[in-house]
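A.B. asks: Take the sequences, apply the hints, and build the full model.
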Amino acid sequence: MEDRHERELVERCRSGDERAFQELVDRHKDLVFALIARTVQDRSRAEDLAQDVFLRVHRGLPYFRGEARLSTWIYRIVANVCLQDHGRAPKTAPLDEERGASALAVADRQFTDLEVRDRLEKAIARLPANYRLLVAAHYLQGVQYEELAEALQLPLGTVKTQLYRAKQQLRRLLETDLR
Amino acid sequence: MFCDEALDAIEAIAGEELTPDGRVAAHLASCPNCAAALVSARALEQMLRRRAVPTAPPQFTSRTMARVRRARWRNDQFLDAGFNVAVGLVVLTVVAGVWLLLNRSGLVAVSNEAVDLMGSGLVTFFRRVTPSLPLYAGATAVLATALGIWWWAEKDAAL
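Top to bottom, those sequences are chains A and B. For the first sequence, this note's numbering begins at 2 and goes up steadily by one. For the second sequence, this note's numbering begins at 313 and goes up steadily by one.
Bear in mind the hints are in silico, worked out from the structure with no lab data behind them. We treat Cβ as the ideally placed atom computed from N, Cα and C, and that holds for glycine.
Partial pick of chain B residues on the chain A-facing surface, computed with a CB cut under 10 angstroms:
# : residue
1 : Leu319
2 : Gly327
3 : Ala353
4 : Ala355
5 : Leu360
C.D. replies: The structure is reproduced here in structure tokens:
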């Protein structure tokens, strides 16, 4: 039923129905935005990139053959946009430097929950782009391992291995905060 | 059982995708380093699960649709410009081809004379007609008025 509705929506978009495309954006915007915002951190940049994703979807719909699910195809575009943006984004400062600065600022104070979360975001920002995307996607509702593997065109085992490695790196970066 | 083997499984155990079997469980119970790694992996898992889910801004759809329309308009403009350039090139090619054909066949000289002849003919025609122009204008006005009255009468009759 859902698949049929999706196919009909795609067909309406292909025939130039603007309201259908608007419905498509509405249906997928939260997941697309959340994935990108978790990967690039900066909200306004995330919005730009999320819009880029939908522009590419709009351009690519005539060539979408429907072999994969629409959402899988959109995740693939999200992955491409995030990985391309990674090449353009300014390099993040090393975590140790940030840690040194923040450690001086907080002096004898214990890390609060908010600070730990901030450290987590900074540690995630230090991960390679593909690991960041996997971490972002895995912890969002609705994105399955299988769908991720199809979207990234990677074997299921590779997706799991890369995710474990990403978490190992995160653990190393956050070692003191996690104890 | 070595630490390496246990550490390889730590993330899957923390993510509850793997239940430690007897050997792994025994190692985790006896090795303080691996047990500590499991504790930190579980803590990380909890932090990642509790991570806030960003939601799209309220105006996201309308802003995206505006960008889609702008992109489509630019694309249309580009296509229009391309089409106009192509038509211009075709017209230029045809004109150049006709000119080359006329030039090679010697028809250019003949056509020049024909143009001169037509030009002088038109000048003579206008010289003759100019004095009677007010008369022609008056006659045209009378004819137009008569046609107007007839059209108005016909319209009323049809009603």
